[in-house]
Amino acid sequence: MKVRATQAIMECLLEQEVDTVFGYPGGTILNLYDELYHYQDKIHHVLTAHEQGAAHAADGYARSTGKVGVCFATSGPGATNLTTGIATAYMDSSPVVFITCNVSEGLLGKDSFQEVDITGIAMPITKATYLVRDPQTIPDVMRQAFAVAATGRPGPVLIDFLKNVTFLNTMIDYEFIPWDQNRGTDSIRQLAVSHGLKAPEPDLGDIDTLVEMIAQSERPLLICGGGVVRGRADRQFRTFAENLDAPVAITVMGGGGFPGAHPLTTGMIGMHGSQASNVACNECDLLIAVGCRFSDRVALQPDTFASQAKIVHIDIDRSEIDKNVLTDHHIVGSAKRVLELLNQRLPQYQHTEWKEHILPLREKQPVEHGTDRLTPGQILDAIQQAAPQGSIVATDVGQHQMWSIQHFHFDYPGQLLTSGGFGTMGFGLGAAIGAKVGNPDKVVIHTTGDGCFRMNCHELATVEHYHLPIITVVFNNGTLGMVRQWQHLIYQEHYSETTLDRGPDFVKLAEAYGLKGRRVTNRAEMEQALQEALSCGCGYVIDCQVDMDEMVRPMVAGGAHITDFLLK
Amino acid sequence: MKQTISVLVENQAGALNRITGLFSRRAFNIESLAVGVTDDPTISRITIIVDSGNSVVEQVEKQLNKLMEVIKVRTLEENALIGRELMLLKVNANNKTRQDIMTICEIMGAKVTDISPTSLTLELSDTPDRLDTFQSMMRPFSILEVARTGMVAVQKGAGKI
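As they're listed, the protein sequences go chains A and B.
Using my numbering, read the first sequence as starting at 185 and increasing by one per residue.
Using my numbering, read the second sequence as starting at 541 and increasing by one per residue.
For the record, the hints were derived by calculation from the structure and aren't laboratory data.
A couple of the hints might just be wrong.
To be verified - Covered stretches of chain B, as calculated for chain A (at least 3 residues, CB under 8 Å):
| no. | region |
| --- | --- |
| 1 | 557 to 570 |
| 2 | 593 to 605 |
Said to hold, decoys possible - Taking lysine to any residue pairs in the SDA-like style, the calculated list, with each CA pair at most 20 Å apart, reads:
| no. | chain 1 | residue 1 | chain 2 | residue 2 |
| --- | --- | --- | --- | --- |
| 3 | B | Lys606 | B | Phe563 |
| 4 | B | Lys602 | A | Pro308 |
| 5 | B | Lys602 | A | His649 |
| 6 | B | Lys630 | B | Arg679 |
| 7 | B | Lys606 | A | Lys700 |
| 8 | B | Lys602 | A | Asp501 |
| 9 | B | Lys606 | A | Arg367 |
| 10 | A | Lys692 | A | Arg638 |
| 11 | B | Lys606 | A | Ala383 |
| 12 | B | Lys602 | A | Ala571 |
| 13 | B | Lys606 | A | Arg638 |
| 14 | B | Lys606 | A | Pro384 |
| 15 | B | Lys636 | B | Ile683 |
| 16 | B | Lys602 | B | Arg624 |
| 17 | B | Lys606 | A | Met307 |
| 18 | A | Lys294 | B | Gly554 |
| 19 | B | Lys630 | B | Lys612 |
| 20 | A | Lys752 | A | Thr559 |
| 21 | A | Lys494 | A | His513 |
| 22 | B | Lys606 | A | Asp506 |
| 23 | A | Lys700 | A | Ala571 |
| 24 | B | Lys606 | A | Pro308 |
| 25 | B | Lys606 | A | Glu385 |
| 26 | B | Lys602 | A | Ser503 |
| 27 | B | Lys606 | A | Ala334 |
| 28 | B | Lys700 | B | Glu601 |
| 29 | B | Lys602 | A | Asp506 |
| 30 | B | Lys602 | A | Pro688 |
| 31 | A | Lys700 | A | His649 |
| 32 | B | Lys612 | A | Asp501 |
| 33 | B | Lys602 | A | Glu385 |
| 34 | B | Lys606 | A | His514 |
We put the CB at the ideal spot given by N, CA and C, even for glycine.
Could you put together the complete structure from these sequences and hints?
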């Protein structure tokens, strides 16, 4: 069947069951938006205030729904505005297909208006990039892009269509093939063979070796990493942990992979990890890390990391094995499949003595009661009591992020949306928008700092326009808190350019965008504001006045031994 | 330790860029890199020499394997490969020195490809070590220009990647 090239692009989105796209139009992508006009009943387009917001929204949509996110942008600045969002998705293995259009063939390479080599720029921050110069290749490229983004270790993919490829008089051969069938087309099958598009099937010998290692172990520790979340392997992980009867430390990206309030949880591990997690890591005799990549925020000092333990690494990506920490054993495969195979072979263990040693160490930072000033602990405690436990939490980056992850407990994959790998300030509001669009029935809470919020607060316009009742909680301490904390502890209190003693008034800002807001200075006001926010049915900004010298505890300095706490 | 990695890639724009980009962003040092099309015009072979420990080479291999354009990666064992590099070397030569240079060329198996009243241009294809030796023998005559291709390699015997 002959169809317009742009029509084929839309149909290919429908093949993948895409019904939501985030984006921002412009000169070169006009044809695609013209086609979208005909498809507006089938594909809901969310227009953000800025391409970066669209990128984060598509990412947040993908993380919270488990589907592939889709984001459109135009050439040049539109495309480069995506890059922070693409890198954020790449570092956290979030499946997003970014679609940009470039100038026409005749203008390519001539430094034309709004021309940029976005496939070149995006190369190191994507799983694959495609520059489409031949309209006939559209169906193949679209299908490949989705297959690459969604399978194996997920991640972003970028497709750049030349404008002439999308001209409305360009006709191509096209036939609708649903995604589960088009994964069988020749080009994709070939790719699947050469690039392991399907997750590698775990080696049964490797599984048996681990089963034996477990039998030998008296002090096992589990790490729940982002792979458990991305692979939606939470049920399998929970069974595994309960059979093994071992403490479970959770990485930032692993939040939601294992119930945060489970009796075996020791909380976060690493730089701001709990005493329980970090001590357990240091004292265990068997460390089984599932879907984590031993980043420098977890394995702060790779040489001494879990030095008494045999380290076992389970990961879908072979290149993660022995990259940061040398392992004693590894199993390559998806978390879900590996854990299923392990669970079939594992008897019920009891590690009572070891648990009794580790689990009592996991005391939370106490919430200060009876004080006039508003503390981070009180803010989070109030949210936890007011909001339903299943609420989605999107964070920005810094102190409030660590506080949020330490304080809340996350029970299912996609409940916590946070930029763990790239540490992108300004990620939260976009991600919250994507999450709310993808999960209209869930309460979405966006925690942020005054520094982060100011970076992308223009997305409040999107919140208002689409009537998204997102609750933004600003930990407003008038400073870049995390950087200030380092300056306090390591840089002799030289508070160089971290004090944010400037506007705007976030309550007035919310009002200017047609939303509601309130400034709170104590717990009672915080509780009232939350009640209002939860019932008002519109976007709401709570400006929480927090002392600038509040610190994230515990803390281990970068590169230090994991139990060498700088702050307890 | 120097190791030779042979990579088969799709012969398309951007493939080389992706591979060299990978090396720079992962901070892997490339000693030499040579590219050329194979018998199948859709596939190129890239021969890369890295001077690093085993763990780095293992990482290089794994990371290369992840790239969509890469079809196959193999680290070639040093005693199981045939490797050659081509060098063109232009050296000062006059009536007094020309004969001495020619003698060294004969010993090393280099050919004279061009001559002028004040220079000789020499061509030698051999292992990188032998090229180094030849180059150091020419240095006393004052080298004007050197161009080397980087080594290409295949496995010994009938095996192929």
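Structure-based check of all given hints:
no. : hint                : verdict
1   : 557 to 570          : holds (count 5)
2   : 593 to 605          : holds (count 6)
3   : B:Lys606 x B:Phe563 : holds, 13 Å
4   : B:Lys602 x A:Pro308 : holds, 15 Å
5   : B:Lys602 x A:His649 : violated, 46 Å
6   : B:Lys630 x B:Arg679 : holds, 11 Å
7   : B:Lys606 x A:Lys700 : violated, 48 Å
8   : B:Lys602 x A:Asp501 : holds, 9 Å
9   : B:Lys606 x A:Arg367 : holds, 19 Å
10  : A:Lys692 x A:Arg638 : holds, 13 Å
11  : B:Lys606 x A:Ala383 : holds, 13 Å
12  : B:Lys602 x A:Ala571 : violated, 45 Å
13  : B:Lys606 x A:Arg638 : violated, 37 Å
14  : B:Lys606 x A:Pro384 : holds, 13 Å
15  : B:Lys636 x B:Ile683 : holds, 16 Å
16  : B:Lys602 x B:Arg624 : violated, 26 Å
17  : B:Lys606 x A:Met307 : holds, 13 Å
18  : A:Lys294 x B:Gly554 : holds, 18 Å
19  : B:Lys630 x B:Lys612 : violated, 37 Å
20  : A:Lys752 x A:Thr559 : holds, 17 Å
21  : A:Lys494 x A:His513 : holds, 8 Å
22  : B:Lys606 x A:Asp506 : holds, 16 Å
23  : A:Lys700 x A:Ala571 : holds, 18 Å
24  : B:Lys606 x A:Pro308 : holds, 12 Å
25  : B:Lys606 x A:Glu385 : holds, 17 Å
26  : B:Lys602 x A:Ser503 : holds, 5 Å
27  : B:Lys606 x A:Ala334 : holds, 15 Å
28  : B:Lys700 x B:Glu601 : holds, 17 Å
29  : B:Lys602 x A:Asp506 : holds, 11 Å
30  : B:Lys602 x A:Pro688 : violated, 48 Å
31  : A:Lys700 x A:His649 : holds, 14 Å
32  : B:Lys612 x A:Asp501 : holds, 17 Å
33  : B:Lys602 x A:Glu385 : holds, 17 Å
34  : B:Lys606 x A:His514 : holds, 18 Å
Consistency note: the structure conflicts with the earlier hints numbered 5, 7, 12, 13, 16, 19 and 30.
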